[in-house]
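**Q** So the chains spell out like this:
Protein chains: 2
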Amino acid sequence: MKRTERIGAIIRILSVNPNKLYPLSYFCDLFQAAKSSVSEDIQAAKQILERIDNGQIETTAGAGGGVKLIPYISDKDAAALLNQICEKLRDNNRILGSGFLYTSDIMFDSNIIKRAGEIFARRFMDQNADYVVTIETKGIPIALMTSHMLNLPLVVIRRESKISEGSTVSINYISGTSERIQKMSLSKRSVTPRTKAIIIDDFMRAGGSVKGIIEILSEFEIEIVGTGVVIASTEPQKKKISDYFPLIHLGSVDENNRKVDVSPNSLIFCKNNL
Amino acid sequence: MKRTERIGAIIRILSVNPNKLYPLSYFCDLFQAAKSSVSEDIQAAKQILERIDNGQIETTAGAGGGVKLIPYISDKDAAALLNQICEKLRDNNRILGSGFLYTSDIMFDSNIIKRAGEIFARRFMDQNADYVVTIETKGIPIALMTSHMLNLPLVVIRRESKISEGSTVSINYISGTSERIQKMSLSKRSVTPRTKAIIIDDFMRAGGSVKGIIEILSEFEIEIVGTGVVIASTEPQKKKISDYFPLIHLGSVDENNRKVDVSPNSLIFCKNNL
Numbered sequence: 146m147k148r149t150e151r152i153g154a155i156i157r158i159l160s161v162n163p164n165k166l167y168p169l170s171y172f173c174d175l176f177q178a179a180k181s182s183v184s185e186d187i188q189a190a191k192q193i194l195e196r197i198d199n200g201q202i203e204t205t206a207g208a209g210g211g212v213k214l215i216p217y218i219s220d221k222d223a224a225a226l227l228n229q230i231c232e233k234l235r236d237n238n239r240i241l242g243s244g245f246l247y248t249s250d251i252m253f254d255s256n257i258i259k260r261a262g263e264i265f266a267r268r269f270m271d272q273n274a275d276y277v278v279t280i281e282t283k284g285i286p287i288a289l290m291t292s293h294m295l296n297l298p299l300v301v302i303r304r305e306s307k308i309s310e311g312s313t314v315s316i317n318y319i320s321g322t323s324e325r326i327q328k329m330s331l332s333k334r335s336v337t338p339r340t341k342a343i344i345i346d347d348f349m350r351a352g353g354s355v356k357g358i359i360e361i362l363s364e365f366e367i368e369i370v371g372t373g374v375v376i377a378s379t380e381p382q383k384k385k386i387s388d389y390f391p392l393i394h395l396g397s398v399d400e401n402n403r404k405v406d407v408s409p410n411s412l413i414f415c416k417n418n419l
Numbered sequence: 146m147k148r149t150e151r152i153g154a155i156i157r158i159l160s161v162n163p164n165k166l167y168p169l170s171y172f173c174d175l176f177q178a179a180k181s182s183v184s185e186d187i188q189a190a191k192q193i194l195e196r197i198d199n200g201q202i203e204t205t206a207g208a209g210g211g212v213k214l215i216p217y218i219s220d221k222d223a224a225a226l227l228n229q230i231c232e233k234l235r236d237n238n239r240i241l242g243s244g245f246l247y248t249s250d251i252m253f254d255s256n257i258i259k260r261a262g263e264i265f266a267r268r269f270m271d272q273n274a275d276y277v278v279t280i281e282t283k284g285i286p287i288a289l290m291t292s293h294m295l296n297l298p299l300v301v302i303r304r305e306s307k308i309s310e311g312s313t314v315s316i317n318y319i320s321g322t323s324e325r326i327q328k329m330s331l332s333k334r335s336v337t338p339r340t341k342a343i344i345i346d347d348f349m350r351a352g353g354s355v356k357g358i359i360e361i362l363s364e365f366e367i368e369i370v371g372t373g374v375v376i377a378s379t380e381p382q383k384k385k386i387s388d389y390f391p392l393i394h395l396g397s398v399d400e401n402n403r404k405v406d407v408s409p410n411s412l413i414f415c416k417n418n419l
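As you go down the protein sequences, you meet chains A and B in turn. Adding 145 to a residue's 1-based position in the first sequence gives its number in our numbering. Adding 145 to a residue's 1-based position in the second sequence gives its number in our numbering.
Warning: the hint list may mix true and false statements.
Any copy, or any two copies together, can satisfy a pair, since identical chains are not distinguished.
DSSO-like cross-link-like pairs, simulated, lysine-lysine; straight-line CA separation at most 27 Å [what the hints assert, rightly or not]: (1) Lys356 / Lys180; (2) Lys221 / Lys384; (3) Lys383 / Lys307; (4) Lys341 / Lys213; (5) Lys307 / Lys404; (6) Lys328 / Lys341; (7) Lys385 / Lys356; (8) Lys147 / Lys328; (9) Lys384 / Lys213; (10) Lys147 / Lys356; (11) Lys333 / Lys233; (12) Lys233 / Lys328; (13) Lys147 / Lys180; (14) Lys213 / Lys404; (15) Lys213 / Lys165.
Simulated from the structure, these hints should not be mistaken for lab results.
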């Protein structure tokens, strides 16, 4: 293969599996090329992605080293994505009454949710997490895409324990706003004790579900190293948890005037936040 | 940008959004290059992916035309994936009793499920579907990845109607094996009547859920143009539906001898099946 072909092939292969580490020898074998040429090709591929600001190629030296693509979303693309989601949320046909908004089409839109997952991946990639954890149902797509971008397993907490989950640990918790008792259930097979997890969910009002997730994970002595939610409601101001990273703030949903007050979390673009 | 850089950039950008059509002018603007050069670059990119058998670049001419990447999984990679899943399923630690197997780690593994989604995408890409439809919970990842590969919206049917889904249509149906009455509920906002859908799910025993999905979609006169499941149980032989495409057949789960009988659906590699 010629140099241009090798560079294109490297970009394609790394793009298919973000954050997966490929040893240099993988490409040497594939291309029947010397390490020195492959190293040069990787450098060229790296520069191309930098030039279009679409992903970062990282190389690590040594025995366990190799090359991987970090699906780094640029500030510009992240801002455009958040504005796009806000624009959609402002559509007053989404107003359902009782302050609820219809968001399923957004949460199940793979293109939107994949890029939102890149924002979470960028934020949490240095936390050395072992899992991405969510609770069914609407948080599953964003948690799956985040787990894919970080190359981590996804763990889904169920509302009810199912026979197909094997033995489970269950807790009762108080949902944030309605103060109802709810249940969540985690398969014992799905996690290893004393590991680290990132929690990802679609929506947070008072933080009751996230607090429940923290509690059920604490049964396995699992440490939470980050919490991300796509939309956080500004009310109630006092949440049951303090450390969380929302992409979008949802203010009032005015049923009478058919207005939805929503804004991107501008703090995410401050230094060291992304 | 130089030619090698343009080709690499095209491969990266098309890889990020599979099946998304980019007009030629998008790349002309990005590279400040003439249409003729960009056309040549695209041809070169196409040949690179063919060479490594990892995705197909398709161009369509004319006003609404452009270029897109079809995440075409090769026969070899599909066979390797199915063998990998079977190998995992044979691990007798998965046996849960009553013939149940623990499969959540597989269904929530984004790397496995993404490639399984490529198999479904390859199978169903010419069906001109408008949606990928699934029912919560464990089918969501595979349905999401399939929808991503086909660049289609995902619709998730819920077990219970939720306030956040707006007005819904619900049905009662008989689950295949246990003959229990179950409920499913579809948000009216999530679909447009008289469209086409592909059904994707993680597991099928007697086909009761899929039959229920077909029934609830028929309330909207939605036509089913394909049904894919990751694992289909060989028992009962007589299913409630006849037209489905499984990746893997699950035979007996022998609790006493701790053996799981599982095999790839070899028919998928026959001509015209994939």
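**Q** Cα distance capped at 27 Å. Does Lys147 pair with Lys180 within a copy, between copies, both, or neither?
**A** both (15 Å within a copy, 24 Å between copies)
**Q** What label fits Lys307 with Lys404 when the C-alpha limit is 27 Å: within, between, both, or neither?
**A** So Lys307 and Lys404 pass the 27 Å test across copies only (22 Å; inside, 41 Å).
**Q** If the cutoff is 27 Å on CA atoms, where do Lys221 and Lys384 land: within, between, both or neither? Let me know, please.
**A** Answer is neither: 30 Å inside a copy and 51 Å across each miss the 27 Å cutoff.
**Q** Up to 27 Å between alpha-carbons, please classify Lys341 paired with Lys213: within, between, both or neither.
**A** Close inside one copy (22 Å), not across copies (39 Å); limit 27 Å.
**Q** At most 27 Å between C-alpha atoms: does Lys147 with Lys328 qualify within a copy, between copies, both, or neither?
**A** The answer is neither: 58 Å in one copy and 58 Å across copies each exceed 27 Å.
**Q** Cα distance capped at 27 Å. Does Lys356 pair with Lys180 within a copy, between copies, both, or neither?
**A** Neither. Shortest intra-copy (49 Å) and inter-copy (55 Å) distances fail the 27 Å Cα cut-off.
**Q** With identical chains treated as interchangeable, where does the CA-CA distance between Lys328 and Lys341 reach 27 Å or less: within a copy, between copies, both, or neither?
**A** Intra 23 Å, inter 37 Å, cutoff 27 Å: intra-copy only.
**Q** First find the shortest C-alpha distance between Lys333 and Lys233 inside one copy, then the shortest across copies, and answer within, between, both or neither for a cut-off of 27 Å.
**A** between (39 Å within a copy, 18 Å between copies)
**Q** As a check of your reading, is Lys213 near Lys165 (CA-CA no more than 27 Å) within one copy, between copies, both or neither?
**A** This pair counts as both: shortest intra-copy Cα distance 6 Å, inter-copy 24 Å.
**Q** Given identical chains, is Lys213 near Lys404, meaning Cα to Cα at most 27 Å, within a copy, between copies, both, or neither?
**A** The answer is neither: 44 Å in one copy and 38 Å across copies each exceed 27 Å.
**Q** Can you tell me if Lys384 and Lys213 fall within 27 Å by alpha carbon in one copy, between copies, both or neither?
**A** Close neither inside one copy (38 Å) nor across copies (44 Å); limit 27 Å.
**Q** Between the shortest in-copy and the shortest cross-copy C-alpha distance, which are at most 27 Å for Lys383 and Lys307: within, between, both, or neither?
**A** between (34 Å within a copy, 25 Å between copies)
Comparing the model with each earlier hint shows violations of hints 1, 2, 8, 9, 10, 12, 14; every other hint is respected.
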